[in-house]
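Per our numbering, the sequence shown starts with residue 1, numbered consecutively.
Rather than coming from a laboratory, the hints here were simulated on the basis of the structure.
Backbone N, C-alpha and C fix where the C-beta goes; we use that ideal spot for every residue, glycine too.
Be aware that a few hints might be false.
Unchecked claim - Restraint-style ranges between C-beta atoms, simulated for each label pair:
hint, residue 1, residue 2, range
1, VAL146, ASP96, 31 to 37 angstroms
2, LEU136, HIS234, 40 to 46 angstroms
3, GLY77, LEU228, 49 to 55 angstroms
4, SER254, LEU148, 25 to 31 angstroms
5, ILE99, SER254, 46 to 52 angstroms
6, GLU252, GLY77, 33 to 39 angstroms
7, PHE204, LEU97, 53 to 59 angstroms
8, ALA303, PRO326, 36 to 42 angstroms
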Amino acid sequence: MFRSLTMNLFWLAFGLIVVSTVIGFVTLWPDSRTVEPPVGLVRPKTVQAELVAIAAAPCRSPGQRGCRTATIELREGSDKGNRATISINDPPDRLDLDIGDSLRVAENRLPPAAVLGGVKVDRYSLADFERRAPLLWLVLAFAALVLLTGRWKGLRALIGLAASLAIVIGFVLPAILDGASPPGVALVGSLAIMLVTLAVTHGFGPKLLAATLGTTAALLLTLGLGSLSISLAHLTGLSSDEAIFIRASVGEISITGLLLAGMLIGALGVLDDLTVTQASTVLALRRANPALGFRQLFESAIAVGHDHIAATVNTLVLAYAGAALPVLLIFSLGGTSAGDALNSESVAAEIVATLVGSIGLIAAVPLTTALAAVLAVRLSPADLVAESHTH
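Please put together the full structure from these sequences, using the hints given.
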């Protein structure tokens, strides 16, 4: 009777999380799926072209050096198969171009042979390199390796990954652009991603319950602690050019809210891994020795959690340090003291994000382990065996 009541309470908590997530989705869903971008954010459409020739050319403006003229052959668009000439104003040491390079070029909207400032405007201009082919090969290699090593479980993981991307692109971004609170959207989106990926990858069972409750509690802790830390540290979120540009272009979006939303979504992926690992460890221990009680299960599994925490926190710190590396180099070149560098918002924001995320991860380990142990001691050997076949 008590076992049944405990399981029912866990399923009730799980149901409340699901219902709350659905309500959040409905409430925060953008009124219009089409958000008109500000003029400054509109990028011209580009077409693929191949570089067939390049030569040195006189620079058109004072102060320029190493200017070149490139001949391209269009691979797409209305001029497909035709050749055109474009001006390259960046010197070779800044923009390395070789014959045969695949490029993206933008068609200028000015009339043919238009002149600006006494300089004839080329019909096409260089927009970027064509990177979709190597990106596609990397994606295919990643998917093949996941399927090769994970097989059926790997396929389910890829489905969960696709669902996560769909939620971010289809809900989180449009909802924020529609004016909804970024932290609220990030929390609802994170819960939706968690529910979908855990259910698809690991199935329904005690592992799902423990991981879901542990991850949800850690997300809420991260949300509260992140909000408090941003306030105490007086972070504005305007430490990057992108944030300043968004503030100028879409003024109604809270930049500090975006900072907090980034902390939530950034911590979610590691949280899922951590909570699932702890729940799996507890259930595996109980399955191997059904005589183990709550205390023995918790103490044995938490030892694994300690190692996982150490490795995960180190990974998280290095990831944020890598993201802040250009900023740290700038401070080093400028002779800025360590104290002033740490006090600058560009570095302080990364430190806050790292520490807030790490605290959420650390808290998730004992909490999830305890929840899984409570469930495990109330499962019969047959239930434990059945649970091992739900994924």
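Going down the list of hints, with the structure as the test:
{"no.": "1", "hint": "VAL146 with ASP96: 31 to 37 angstroms", "in the structure": "33 angstroms, holds"}
{"no.": "2", "hint": "LEU136 with HIS234: 40 to 46 angstroms", "in the structure": "44 angstroms, holds"}
{"no.": "3", "hint": "GLY77 with LEU228: 49 to 55 angstroms", "in the structure": "52 angstroms, holds"}
{"no.": "4", "hint": "SER254 with LEU148: 25 to 31 angstroms", "in the structure": "44 angstroms, violated"}
{"no.": "5", "hint": "ILE99 with SER254: 46 to 52 angstroms", "in the structure": "48 angstroms, holds"}
{"no.": "6", "hint": "GLU252 with GLY77: 33 to 39 angstroms", "in the structure": "36 angstroms, holds"}
{"no.": "7", "hint": "PHE204 with LEU97: 53 to 59 angstroms", "in the structure": "54 angstroms, holds"}
{"no.": "8", "hint": "ALA303 with PRO326: 36 to 42 angstroms", "in the structure": "39 angstroms, holds"}
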